[in-house]
Structures are given as structure tokens and as C-alpha cells.
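Given the coordinates of chain X, work out where chains V, R and A should sit on it, guided by the hints.
Listed here are the chains, written in short residue letters.
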Amino acid sequence: MIDALSSLFIVAGLGFYLAGSIGLLRLPDLYSRLHALTKADNLGLGLLTAGLALHAQELLIALKLILIWLAVLAASAASAHLIAQHVRRRETSS
Amino acid sequence: MSELVAVSTLVLMFSLFLGLLRVVRGPGAGDRMLAMQLIGTTGVGLLLLLSLMLDQTALIDVALILALLAAVAAAAFTSQELETGDD
Amino acid sequence: MLTAHWLYGMSGCLIVALGLRTALLHAVLLQRLIGINVMGAGVFLMLIAVAYRGPGVAPDPVPHALVLTGIVVAVSATALALALGRRLSAEQDDE
Amino acid sequence: MNTTALLALDALLVFSLLSLAVAALATHDARRSVILFMAFGLVLAVAWGRLMAPDVALAEAAIGAGLSGALLLAAVHEQPRRALSGDSRPGHNRAHSSFKVALEWAVTLLCVAVAGVLAWALAAAFDRTPKDVLAQAVSDNLAASGVSNPVTAVLLNFRAYDTLLELAVLLTAVLGIMAMGPERRGYRAAGPVFDGLVGWLVPVLILMAGYLLWVGAHAPGGAFQAGATLAAAGVVLRLAGQRSAGLPPWRLLHLTVAAGVVMFLAVGLSLLALGRPFLGYPPAWAGALILLIETAAMLAIAATLVLAFLGGRPAESHLNFSKEKRQC
Chain X
1 MIDALSSLFI VAGLGFYLAG SIGLLRLPDL YSRLHALTKA DNLGLGLLTA GLALHAQELL
61 IALKLILIWL AVLAASAASA HLIAQHVRRR ETSS
Chain V
1 MSELVAVSTL VLMFSLFLGL LRVVRGPGAG DRMLAMQLIG TTGVGLLLLL SLMLDQTALI
61 DVALILALLA AVAAAAFTSQ ELETGDD
Chain R
1 MLTAHWLYGM SGCLIVALGL RTALLHAVLL QRLIGINVMG AGVFLMLIAV AYRGPGVAPD
61 PVPHALVLTG IVVAVSATAL ALALGRRLSA EQDDE
Chain A
1 MNTTALLALD ALLVFSLLSL AVAALATHDA RRSVILFMAF GLVLAVAWGR LMAPDVALAE
61 AAIGAGLSGA LLLAAVHEQP RRALSGDSRP GHNRAHSSFK VALEWAVTLL CVAVAGVLAW
121 ALAAAFDRTP KDVLAQAVSD NLAASGVSNP VTAVLLNFRA YDTLLELAVL LTAVLGIMAM
181 GPERRGYRAA GPVFDGLVGW LVPVLILMAG YLLWVGAHAP GGAFQAGATL AAAGVVLRLA
241 GQRSAGLPPW RLLHLTVAAG VVMFLAVGLS LLALGRPFLG YPPAWAGALI LLIETAAMLA
301 IAATLVLAFL GGRPAESHLN FSKEKRQC
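Order-wise, the sequence lines are chains X, V, R and A. Residues in the first sequence are numbered from 1 upward in steps of one, following my numbering. Residues in the second sequence are numbered from 1 upward in steps of one, following my numbering. Residues in the third sequence are numbered from 1 upward in steps of one, following my numbering. Residues in the fourth sequence are numbered from 1 upward in steps of one, following my numbering.
Calculated from the structure, these hints are not laboratory results. A virtual CB, placed ideally from N, CA and C, is assigned to each residue, including glycine. Check before you lean on any hint, since a few could be wrong.
Distance windows between CB atoms, simulated [claimed, not checked]:
(1) X:H35 x A:A143: 32 to 40 Å
(2) A:A125 x X:L25: 37 to 45 Å
(3) X:L8 x A:L175: 51 to 59 Å
(4) X:L59 x R:R87: 29 to 37 Å
(5) X:Q57 x V:E81: 43 to 51 Å
(6) X:L67 x A:A11: 46 to 54 Å
(7) R:V57 x A:A144: 22 to 30 Å
(8) A:A144 x X:L67: 53 to 61 Å
In silico contact screen, one side only, chain A against chain R (beta carbon under 7 Å); selected entries [said to hold, decoys possible]:
(9) D10
(10) A75
(11) L122
(12) V154
(13) M180
(14) E183
(15) P283
This is chain X alone, in the form it adopts within the complex:
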């Protein structure tokens, strides 16, 4: 039962990862690619860590997996904002 749920999460996570990468390739400009990045990618990792945490033998490992997800969530939201802001500032100043 847990195995099935874990597999389901992992496969769903992979779907979001692929959608994110394809979006990054296909979407026309930087600002629309932000969608592909921040939404799909974080959901992808979230589902993947959830799937792997269900599988973890020790509590410490499950906690670490959740910590990683939270770190990526916070870090990539901030970095994507900073990069977009940086690009925008350059565009408007030149």
C-alpha cells in the first residue's frame, strides 16, 4: 500500500519535472519561463521527496528530505525573483 502510494508520488513528481524542463525550453521569453520554473519544479521535488520519505527507514532521513524541500522552495522562490528583477533592471536602464 505504502509502496504504491510512494510510487505514485514519484511518478507524479517526475511528470512535473519534465513539464518544467519542457516549459523552460518551449516558452518564448524569460518572464513566462518563470512559471515553468517555480511552479512545476517545486511541485516536482515536493512530490518526489514525499514519495521518498514514505520509503525512508529512519525518521531522520524523512525529516532531512522535508528540510531539503523547504530549503529549495524558499531558495528558488527568492533566486527566481532576484534574477528576474536583475534582468528587468537591466532592460529598463538600457
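Using the frame of chain X, we list chains V, R and A on its own:
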């Protein structure tokens, strides 16, 4: 289960490869850095799957360091140096 | 049959050659340094490939220790070279 | 099925590494080159994980994908014109183009020859069944080393001389950097989003460094990885506009930079005074002595890497405490 993990690792590596295409293509430095963020998160997921596949729990720590340092790289890209006279 | 170490080791050789070529030919200091760093990464790849013993088998820790310190030394040497280059250009500007 | 998937993964990883190396080296745009080099470091960290080298992967994730990228990006920002663009060199344009082409071919052939020799040596090494004399010696003596992570045992016990010399090399590099001139310019104060990031990223990096130092005794980690992670915290502070970059006050700075070498020598000489060989730890004390040396080495490596990022001697007034003292 182990087969699912092996195939998932391969699929995620492919996803990382797609992201790399955007890093190589650009066109602007901002596009490349944004794609770096995506391949960073993909690398984190890949390391987590590899840790299960190769039975190496330490790769979870590597994934965490990679996640944290991706933010450092983005910070380095966007920080603005003081101009002369700003001091 | 163990193809993984061949694959990684031989591409390590190729990467060394690519990095060396840039380090020798490129006109720009920064990119020469990147060439040297890429070359170093190729050497590391060869060493880790030699240490690899297949999945589920503990690899040889000695090359790992070598590469680990190598990475830290490489980044410090790069920083020293950048500082040297900066000093050099400052002197040139003074002339 | 699993081996097929692994082989396909290897092929894709190696192909990515090769194409990133080519792309990073082929361009004349310095910033593009740096970003591609960072991507190369990131993929390399995954490759180290794949090749069961988690100790190396930790260092690569901290340095290859982060710190050296930050260092090189700062160099791109800093000098867009002179020294970095060799075109300004006198006589450069007058160079004979046919001579240049011949030179390029000669160098390319040389590099192909180097790759050939390396591949030949590597094939010879692979062809012989690995005897694992060293690996065997490591695993035989691991119990007496004071730690259970073989890489840490090699670095701080079996080949402690090498590590002492490596720390001396790092010390020389950082003294060279500081002798080269003052630090690079600082950074503007961070905006609110970056400030929020710094608020949690710096403490987490410091915690992670402590964790890696501690865990290094029995799992992947240790002074080098912990030092690099701690240095990342300093670099983030610097990028956020804090001039001191978390470095200790000026007087302590010299001691911190030399701490690894000093502690190594202190332990080695004390053992010598007690009638043991230099750095030949008594097995009962080995674990504690290794942790002592590693703590000092971590601080030294972190300070070295932060100073490497600053690119020169930090201004005395920016290292907080000395400033306060002068105001008193």
C-alpha cells in the same frame, strides 16, 4: 520498487539534460541563470533518487548542500557592486 | 563487465585535452583559468573512475581523498591567479 | 533492467559533461563561459554521487556549483575591459594570421597527444585487475584510525602529512592573495527579498558546516566540506552588503587563516615530545585529536575561501571589532 527508482533516475537525468539545453542556448545571461536554478532543483532530485538506488544515504546531504549553494550562485549573479564613490 | 569506469575515465581524458587547449590558446585570462579548472575536473574524473569498483562495492578511498583536497586547492589557486591578474591590469592602467 | 537504466544514465551524464565543457570553452563571452562552467560543476557533483564518491560530491556541490562560480562571476563583473580582454595587448593584431593558425593546430595536436597518452595509461590501469593494496591497507587499519569514514581516515591519519602540506599550500595561496593588494569593491546593501534569503540561508549554512564537521568522523563530510560550506555563509553576507563577510577581527584573522597548519603542527610536535612518531596518534586519542585538528582546519579553510572571494587584503576598518575598539 527498485526498477521504478532506476527508471525514474533515468527520466530525471533526461529532464536535467533538457534544462541544460536552455543553459547552453541562453540567449541572455538571465535566461541561463534561471535555467541553472531549474537544473539545480533537478540535480537535487537526481541525487535523492541516486541515494536510494545506490544505497548511499550520504547523497541526501549532498542534495541539501547543492540546494543551498544554488541560492548562493543566484545571489552572486544578481548582487550589485558598489560604484566608486558609493563608499 | 564494468563499462562505467571506462566511460567516465575516457571522457576525463577528453576533458583534460579540451581544457588544456583553451588554457594554452585563449587570449582572455578568465577563460584560460576556466580552461585550467576544466582540465583539473578531467583529471579528477580519471582518478574517481580508477577508484570506482561497481555499484554496491565500496570504492578505493585514497583517490577520493586526493580529489577532495584537489578541489579546494584548485579554487584557491584560481582566486590567487585572479588577484594576480587584477594587480597586473592595475599596473598597466598606471602606465 | 537496472543495469540498462544505469548505463543509459551514465551515457547521458558523460554526454552532458562533455558538451558543457565544449560549450563553456568555445565561447568568447566571459559571463556565458562562467555560467556554463557552473552548470558543469553541478553535473559533476551528480557524477561524483553516481560514482559513489559522496565526500567528493559534497565538496563539488559547495565549490564547483557555488563558490567558484561566485568567484568567477565577481571577476566578470569587475573587469569587463582590460586584463580580461587580451585584445588590448600591443602587437596582438599584427600577429601573422598564418602563424596563428599553425600555432593553433600545433597546440590542438599536442592536446590530442596528451589525451592519447592519458587514455593509454588509463586503459593499462583498467586492464590489470585492481590489486587494491592501498584500499586494503585502509580498510585493515580503519579500526585503529579513530574514525570510521575511510576518506577522513586517509586525510587526517594515514596520510596526515599530505593534508598538512595541503593546508600549507592553501595558506601560501591566501597570503599571496592578501599580498596582491586590497580587497575588491564591496556590494550594495541587499533589498528586502535578498535580505529575507540571507536571514535563513546564513544560519542554515553555518549549522550545515557544523553538522558536516561532526559527521565526517563516521560518514561523508569533514573539514574540507565543512570549511567550504562555512565560507559560503561568509560569501552570502558579503554579497548582501556586509563588508566584513563574517571574518574575525583583523588580529584574529591571521591566526584563523593559519589555524589548520598551527593545530596540525602543535598536535604533531606534542606527540613527538611524548615519544611518539610525528602525527602518530595513540589509538585511544585518535578520534578526539582528529576532531581538534579538523575544527581548526575548517575555520582556516573557510577564512581562506572567503578571502579568496574578497580577492585581496580586507580593509582593517571593515572587520567589526577593530573598528569598535578605535572608536572607544
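Consistency of the hints with the structure:
no.: 1; hint: X:H35 x A:A143: 32 to 40 Å; in the structure: violated, 55 Å
no.: 2; hint: A:A125 x X:L25: 37 to 45 Å; in the structure: holds, 40 Å
no.: 3; hint: X:L8 x A:L175: 51 to 59 Å; in the structure: holds, 57 Å
no.: 4; hint: X:L59 x R:R87: 29 to 37 Å; in the structure: violated, 53 Å
no.: 5; hint: X:Q57 x V:E81: 43 to 51 Å; in the structure: holds, 48 Å
no.: 6; hint: X:L67 x A:A11: 46 to 54 Å; in the structure: violated, 33 Å
no.: 7; hint: R:V57 x A:A144: 22 to 30 Å; in the structure: holds, 23 Å
no.: 8; hint: A:A144 x X:L67: 53 to 61 Å; in the structure: violated, 35 Å
no.: 9; hint: D10; in the structure: holds, 5 Å
no.: 10; hint: A75; in the structure: holds, 5 Å
no.: 11; hint: L122; in the structure: holds, 5 Å
no.: 12; hint: V154; in the structure: holds, 4 Å
no.: 13; hint: M180; in the structure: holds, 4 Å
no.: 14; hint: E183; in the structure: violated, 10 Å
no.: 15; hint: P283; in the structure: violated, 19 Å
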